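Fit chain W to the known structure of chain H by using the hints.
The primary structure of each chain is shown beneath.
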Amino acid sequence: MIDGLKERIANAVQNQSQPTVTILSSLLAVEDELGYIPKEAIEQVSDLMSATVNDVWAVASFYPNFRFDPPCDHQIEICWGPSCHIKGAMGLIEAVLDGVNLTEEGDTPDGKVTVRYNTCLGACAQAPVISIDHNLIGGLSPLQAKQRSVETMESATTHDMDGS
Amino acid sequence: MTIPAVTTNFSAITKDATAHWQNITAGTKAWIRIGTALCGKAAGGDDVLASVQASLSNNGIEALVSEVGCLGLCFAEPLLDIQMPGGSRVFYGNVKSEDIDTILNSHIVSGVPVIDKALGYLGEDPVDGIPNLDDHPMRAMSERIALRNAGVIDPYDINQYIANGGYQGLNKVLTEMTTQEVLDEVTGSGLRGRGGAAFSTGTKWGFLAGSGAPVKYILCNCEEGDPGAFNDKGILESDPSTVVEGILIAAYATGASNGYIFIRHGHDGPIDRARAAVSEAYRLGLLGDNILGTDFSFHLEVALTGDSYVSGEETALMEAIEGSRAMPRYRPPFPAQVGVFGKPTNINNVKTMAYVPEIVSKGGEWFSGIGHDRSTGTAILCLSGNLKYTGMVEVPMGLTLRQVIYDIAGGIPNNKSLKFVQTGGPLGGVLGADNIDLVLDFEVFREAGAILGSGGIIAADEDVCIVDLTRALIAFCQYESCGKCFPCRMGMSHLLEVLERICSLKSEPGDLDLMRNIGGNIQAGSLCGHGQLGFNPVSSAIKYFGEEFDAHMVDHQCGTGTCLRPKYSPSLTRRSN
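These protein sequence lines map, in sequence, to chains H and W.
First residue of the first sequence: 1, per this note's numbering; consecutive thereafter.
First residue of the second sequence: 165, per this note's numbering; consecutive thereafter.
Incorrect hints may appear among the rest.
In silico DSSO-like pairs for lysine-lysine, Cα to Cα no more than 27 Å straight-line [unchecked claim]:
1. H:6 to H:112
2. H:112 to W:731
3. W:648 to H:39
If you are wondering where the hints come from, they were derived from the structure by calculation, not from laboratory data.
Here the structure is a predicted model, which means the values were calculated and not measured.
Bound conformation, chain H alone (with noise of 0.2 Å):
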């Protein structure tokens, strides 16, 4: 388990700015702060909103963002959304995937890259759409698109999940 990890949790939790705090937006800001959702959230959340952890359970079940064991180092998004599958969307996919050595979406062995496909990424006159670790790139061709892939996959050295 990682070090500090309820601490780390209860400020997630506690400090968060807006006025209305509810189960979801405690998940979410756990999810901000580690990249996924561990037991130990979900119990110190229903203490918080004096819920269960069924009703806890229940919400972080629902969204697909919510992800319950520690991420990979990084991360590969990739559009599937209409406008990115007529710019190729397809053929990204499995360029990625194909760089990383994955048949599908999910995390790699070696816990260096997760990819996900997204239903959108909302840069559609930049179709086809990619995001790494967050950041947007448009028109991509799945040549360039595996040589991102490859490049994310080789920058990951480490896998320690404390983000330090």
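Here is chain W on its own, set in the frame of chain H:
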């Protein structure tokens, strides 16, 4: 209610803001603006920004640098412009970092714009050798109301908004108008909801105004999960204060006390800029208790949702604000009676709110004089797909879709021809290339079986396989079904299974009838638009491209070859499915 006393603080606020704007635009330094909305970032806007800052410091050049939102010319991003004090803006499109030194040295130090790299100028003083950007096809037919400040002002600087007429509408309603007069003005403008349903905004506000409850909510919807639509995010990234002002006017007219701007988590540009606009409005006394010294009080915050397309549906949105699963509620009771946190609630889309300040400033009659028939005002369109010019435009209702595709967006590139257009988001269905003489008008689109909706327009050329695109659209509908209504939850999975079979060129006899049967059940048995409209992609595709379906299903051939290549859809469907 009585009209409150005339406020004095507002004139002081505008005086400061005007002096600030004068100083920026006609002071001593050049002003460099760089587009860093989502489209700008995707094109490399952040790199250009860093290069500009490095170049200024390396070359010892003094200039003011601002990040702005989206001017709408996304095809030309990264887009940078330079305004010398008191002069016109000169735009450089598709800027590369290696060109920055040349552009800044020549334009700012020597006072000579780089003509061969300039896209156009905007302003009163012509610039020799550079075309007027207002003559560009993407701007020539524009009527910019909601987008009036987009790409012009720094979205983080509320004073730039105020200096350009911002908060005049709020000041006017607080000092000169009763709540009923505001309702009448907005109703009289003919403004209709731009989120998709096109319901009269003034009438909707009237429902909430009719409730005497002490706590009432105004919600502004920027969930915008529609692939192909980015205008809500574009407005919040470019001019968030116009949305805040629109919400305030709605709150005054309806007697609402609290509000939320609702945005999808992860879209940091719109979130950060909306939050800044809210906190700046609080700082100037434009939000909070006793706004501008009157007895009108209103509190506003930004709320986030997780990934969920259905959370853009108005009752599902309330569930998400309350922190629950974004699943639609039964109606009645309607939101105006029982909404978020059990209180009376009104919801409008970002675009709808963005029109409101100009409507009350210039009058409902002015707005209703623009547009077509019962669809008054403008359409804010997101142009993407196989088009020469992609981007975001605001044009009067009443232009034809053909004009939009060919005259504004410059037609289909690479000598290809148009095959179909997809409008109104994934649920809107497709229109064949011969059916694009529709005028932009809510009723005309509806009668043609299409949806103008939130304004997404995606064009596809002859190389796109309609059957494969239909599969992708249904994969989206399946992935995004919230799971509450089983006809949608299971029906979408079943539809996708059939379409995957067709795309694998292994369809079975009766598959078309099977899909129609499933689609009818989804439509009849679903609580919200996701299920009620979710068969549109299939039914419209079959209507316009029956022969292509036959080729896949009877001859087992895909003319474009698309269906022979690998296909991917998400493996992680919603866990409730």
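(request) Please flag the earlier hints that this structure goes against, numbers listed from lowest up. (result) none
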